[in-house]
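All chains should be modelled from the sequences, with the hints used to inform the complete structure.
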Amino acid sequence: MIAVETFPSIDQASSALTGDAIYLGGGTLVMRALNYGEQNFTRIVRSTDPTLKQIAASGDRITIGAGVTMAEVMASPELSFLAPVARNVGGPAVRNMASVGGNLFAEHPYGDFTVALLALKGSVTLNGGGEQEMESFLSSRSGFTEVVTSVSLVRPSERDFFWKKVSRVKPKGISVMSIAAWLPQSGGRISGARISFGAMGATPLRAKSAEAALEGQGLDQSSVAAACAAVRGDFQPPDDALASGWYRSEVAPVHLRRMLLGEGGR
Amino acid sequence: MAKTPVQFTLNGTHRAHFVDGGANLLDVLRREVGDLSPKYGCGQGTCGTCTVLINGEPHLSCLTLAESVEGKSLETTSGMANGPDLHPLQRIFMESFAAQCGYCTPGMLMAAKALLAGNPNPTREEVIEGISGNICRCTGYEPIIDAILQAAVELRSGRVA
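Just so you know, the sequences run in chain order B and R.
FYI, the numbering used here numbers position 186 of the first sequence as 238, with every residue one higher than the one before it.
FYI, the numbering used here numbers position 155 of the second sequence as 284, with every residue one higher than the one before it.
Careful: at least some of the hints might be erroneous.
Under 7 Å between C-beta atoms, here's a sample of chain R residues computed to sit facing chain B [stated by the list, open to error]:
{"id": "1", "residue": "Asp149"}
{"id": "2", "residue": "Gly172"}
{"id": "3", "residue": "Ser261"}
{"id": "4", "residue": "Ile264"}
Taking CB as the label site, the calculated pair distances span [unchecked claim]:
{"id": "5", "chain 1": "R", "residue 1": "Lys201", "chain 2": "B", "residue 2": "Gly71", "range": "22 to 32 Å"}
{"id": "6", "chain 1": "R", "residue 1": "Gly287", "chain 2": "B", "residue 2": "Gly111", "range": "46 to 56 Å"}
{"id": "7", "chain 1": "R", "residue 1": "Lys201", "chain 2": "B", "residue 2": "Gly89", "range": "36 to 46 Å"}
{"id": "8", "chain 1": "R", "residue 1": "Gly185", "chain 2": "B", "residue 2": "Met53", "range": "50 to 60 Å"}
{"id": "9", "chain 1": "B", "residue 1": "Gly270", "chain 2": "R", "residue 2": "Lys201", "range": "50 to 60 Å"}
{"id": "10", "chain 1": "R", "residue 1": "Gln136", "chain 2": "B", "residue 2": "Gln237", "range": "47 to 57 Å"}
Rather than coming from a laboratory, the hints here were simulated on the basis of the structure.
From a predicted model like this one, the values you see are computed outputs, not experimental measurements.
Don't be surprised by glycine CBs; every beta carbon is placed ideally from N, CA and C.
This is the structure:
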């Protein structure tokens with residue numbers, strides 16, 4: 053039998069997260085593991101701390117509590133730019149449960165929301181106030197033992213943020229790949245391009261060659277063609293039941309072009 | 130190991146149960162409460178047949194920690210009918226052949242009920258989105274979509290059975 057410990061404050065929950073305990077957020081990952089007998093834990097730690105549900109904007113960044121669900125992201129006027137991303141996570145029931153914090157730990161073929169966070173210069177805030185940049189967090193998340201209390205990301209203008217989930221089943225299907233881009237422009241030139249892909253590696257990854265191809269350019273057919281040519285060298289995608297690595301390499305430039313040029317809908 | 134007491138409202142009736150640590154809500158509803166309307170399908174959040182409403186919103190009971198529903202209001206398909214009168218969604222599902230093997234039907238009905246509560250006049254696309262978390266391997270979905278749209282018309286006109 054599993055012991056469940058529920059705490060009113062995230063500080064208490066964090067202190068209890070020791071040994072063979074796991075933190076339960078929305079439940080879609082932890083309860084699935086329990087149903088399949090795949091748990092490597094004997095204690096579940098959870099918290100009802102209301103700060104986990106906070107959404108707060110400050111300057112050009114916005115902070116989302118780790119307990120905010122995908123449905124709550126979709127309902128928040130301040131997070132309207134992320135609504136298409138949250139809508140691509142599961143069906144309505146999953147979106148009422150799945151949390152922003154849990155998505156950070158969801159492995160492919162799940163975890164699409166984190167792809168967008170990576171493009172939007174995301175960072176995770178740990179209980180106690182420490183902050184970790186998203187790329188660093190993702191590179192070490194498999195051994196992560198702390199409690200994430202919130203994520204922070206830039207608030208892009210609508211024209212600067214791009215999102216696309218590629219799946220075989222509509223409207224709800226697990227992703228063959230997902231792509232996000234934040235392409236802030238100054239004087240008609242892209243400055244600080246960030247492009248991220250899901251399903252092209254063990255975690256969401258940045259397409260740094262494609263980013264470099266767009267840097268200092270306008271967003272047009274020519275620069276996008278250069279980025280699409282460059283993106284082939286950014287990844288060594290895995291084979292899995294959804295698609296082969298070869299297939300992913302072949303179609304990644306196609307979907308990147310469609311996303312950036314608005315072909316087939318954004 | 131000690132069990133945990135949980136109290137909630139199920140289809141308008143107060144319930145109090147002791148649940149095992151880590152038990153999911155679906156197991157508690159079926160084994161402790163005796164409400165067999167929500168079904169176990171995939172156990173991983175893919176099929177939707179375990180869908181119940183928690184405070185009016187659809188949730189997957191197989192992925193819901195039972196003790197997390199403390200103090201909440203739950204609805205299942207077994208609470209939809211009013212005595213001998215089926216809910217319009219149930220009746221139209223039956224009349225429109227929107228159920229074949231019936232295994233997905235409880236989850237479909239819960240998803241549809243939540244959709245129509247928040248959006249009484251959905252488009253076809255909105256219905257498709259509303260049931261996108263519920264898999265049916267029999268009907269091809271078209272009779273289900275048609276039934277929900279027809280029920281929406283009936284519910285808007287006030288013809289509640």
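When the structure is checked against the list of hints, which entries are broken? Sort them ascending.
Hints 4, 7 and 8 not satisfied by this model.
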